[in-house]
Amino acid sequence: MRYRPDIIFVEESVRGEPMTRDILSRLVDVKVEFIENYQALGWKYLHPNARFKKEKKALALARKHGEMVKEVERDLFRATPNEFYIVHSQGCPFDCQYCFLYDYLGHQIPTIFVNVEDMLQSVRDVIESRPAERLLFHTGEFSDALAFDHITNLSRPLVELFARYRHAFVEFRTKCGNVENLIGLQHNGQTIISWTFSPQRVVQLFEYGSASAEQRIAAARRCQQAGYKIGLRLDPLIRYPGWENDYRELIENMAAQLQPDLISDCQLGVFRYTPGLGRIIRERFPKSYLRLEESVPCSDGKYRYLKHLRLEMYQKIIGWLRLHFSAKRIACLRRQGIRPDLKIELCMESPEVEDVLLQQQ
Amino acid sequence: MAFHTIPLRDILVDGPEFDTFIFTYPLQAAALSASIQKVGLLNPVRLREHERGWQIVCGARRVLAFQELGRQEIPAQTMKHASCSDEQALLLSLADNAPRPWNPVEQARVLYKFHHLCHWDVERLAREMAPQLGLPPAPELAQKYLSLLSFEDEILLALANGALSPAHAFLLIPLSSPERGAIFQEVIQRCSPSLNECREIIDALLDLKVILKKNIPEILQAPALIDLLRSPGKPAREKNRLLREQLRRRRYPRLSQLEDQFEAQIKALSLSHQTQIRHAPYFEGNHLEIHLRATTNAGLREALAHLQAAARRGGFQPLFDLVKGGGQ
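Just so you know, the sequences run in chain order V and W. According to the working numbering, the first sequence holds residues 1 to 361 in order. According to the working numbering, the second sequence holds residues 1 to 328 in order.
Keep in mind that the hints were calculated from the coordinates and are not lab data. What you were told as hints is all true, and nothing was included just to trick you.
Which stretches of chain W does chain V cover? Using the computed rule of at least three CB atoms under 8 Å from a CB of chain V, they are:
{"id": "1", "stretch": "122 to 129"}
{"id": "2", "stretch": "203 to 210"}
These stretches of chain W come out as covered by chain V in the derived footprint (C-beta under 8 Å, 3 or more residues):
{"id": "3", "stretch": "139 to 150"}
{"id": "4", "stretch": "252 to 260"}
{"id": "5", "stretch": "281 to 294"}
Note that beta-carbon positions come from the ideal geometry of N, C-alpha and C, so glycine has one too.
Just need the whole structure built from these sequences, with the hints factored in.
This is the structure we're talking about:
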């Protein structure tokens with residue numbers, strides 16, 4: 001279901017921005033309230049469930065001050081050179097139980113930064129200042145990359161901008177099927193669309209409001225038909241009774257429906273959480289299974305499943321990915337003279353776990 | 001406002017109207033009775049006209065003390081209902097109490113009454129009322145104080161007399177009444193946990209409630225736990241440590257099993273007490289740490305020889321297997 005707010009808060013300073021006018025013209029019957037500063041919004045004294053429900057029904061249009069392109073410092077365990085975030089919005093209309101934004105943002109009101117020209121110029125500046133390096137820009141770190149695209153149309157100028165540079169790529173990471181704007185654009189292979197792929201049971205239990213597993217696969221197939229490479233993101237991997245069957249079926253479905261030669265890479269990461277997020281999950285969903293598996297604090301301060309449980313998950317998932325994707329992919333890619341292995345990376349995982357997995361391969 | 005002597009029988013001292021404007025908790029008149037008997041009433045009470053009699057605005061303890069002393073009437077300043085709104089009455093009562101420090105229940109009662117009678121929202125309570133009560137002007141905190149008043153009398157009394165801190169009490173807010181009662185009686189009163197320890201215990205109990213599909217009082221009534229908690233000989237700190245250990249083993253059975261296996265493997269090596277073998281916290285590392293303690297060259301040689309012999313036998317391999325894969 002497409003996001004539509006009940007109220008729009010507009011910073012006075014962005015009343016005249018073209019994107020503000022565009023968005024308000026698309027949402028003419030939504031109540032508008034002008035404010036000084038989006039950061040002062042929110043209903044922090046409410047119980048998190050009531051608070052987040054109320055906040056997610058609002059939308060804020062604001063000016064992003066400071067950096068709109070930030071270098072990635074996501075993974076304490078591994079350097080991520082030449083990777084950047086594009087900060088085009090923050091907060092998300094979906095309500096995933098495990099979302100780190102609940103412990104990261106001051107409020108959960110989806111906020112679109114409408115000074116788009118500043119953002120595009122910042123992106124151009126970075127790309128042109130580093131012409132000899134392969135650069136990757138992420139757009140889905142502080143929000144779902146495409147959830148607002150029917151309101152903002154932001155994907156269009158971004159895809160068109162990146163299509164002009166051979167050394168820079170943009171990745172849209174999403175859990176939705178909102179891909180209409182992408183179809184028919186001249187992307188020149190510089191845009192990767194990535195989905196968090198989760199078994200339908202995980203979508204139903206933990207990822208409220210997002211597209212179903214089938215809708216995500218269908219949207220990915222549609223993008224592949226438009227020539228885009230897609231990224232497989234099985235992150236977070238969640239452990240619950242029956243997880244093995246569900247993930248194996250998901251991988252079988254993906255392999256049956258997606259073109260293996262148009263997959264850029266696959267990233268795996270287990271569910272992890274800060275102590276603050278753990279408290280929020282407990283308070284919001286006291287009966288949820290999400291936190292009940294045995295998790296321990298790791299060296300980056302986040303809680304993860306016990307190492308031997310993580311290893312078991314990675315070993316099985318990697319095995320199923322290789323089983324269901326490799327043969328098809330090898331046949332496709334050998335014909336094109338491309339390295340056939342499906343590139344699988346672990347996301348935010350400790351070197352110790354990577355070492356054990358490498359020794360076993 | 002007028003000064004009168006009002007018959008005590010005309011003052012509302014029961015029913016919901018009695019404590020509409022009263023913040024004092026607990027409401028005990030005994031100490032005041034002695035003082036009144038000795039030096040008399042220094043300040044008249046303030047009463048507001050009510051359809052069934054007079055409603056106390058200021059001086060509930062004075063009225064109760066007069067009752068206790070068997071007096072028939074009390075000096076009072078009286079107000080017409082129309083000339084004193086609920087909000088004005090609450091502000092008068094607040095001013096009457098202001099010079100003394102508030103206990104947490106009284107702070108909660110002040111916030112609650114302005115919230116419910118005068119419809120102040122939480123943000124206004126935090127901004128305008130919390131500082132007058134010595135609280136930080138934080139809406140989240142005001143909301144927590146409002147929640148305290150749903151607690152049972154036993155817990156409120158402990159909160160009012162300082163036996164329970166507000167921070168401890170806030171941990172009890174998400175719990176049901178029986179859960180709150182069980183944790184207060186069996187855990188807080190018997191084990192005196194620090195705030196972090198209390199949070200750890202409640203978190204473990206909430207998780208076990210879902211995992212075991214049992215309610216918290218039931219979990220605490222398990223024989224091993226109840227024997228420990230009610231053991232008369234054990235000091236509170238010891239009960240606290242053992243309770244947390246037992247809950248941890250139930251909450252984290254796989255981790256506990258790994259730790260037990262690790263300890264069993266170390267015992268099988270039959271090393272001297274001068275040698276300690278440790279794994280990384282929570283088995284996150286793939287390595288073993290070996291600590292040797294020696295006071296002489298000969299002692300060091302002996303300890304190293306033991307270690308070498310164990311390594312030659314392959315005695316460390318099960319430990320490496322455990323830390324690397326956790327015995328998958």
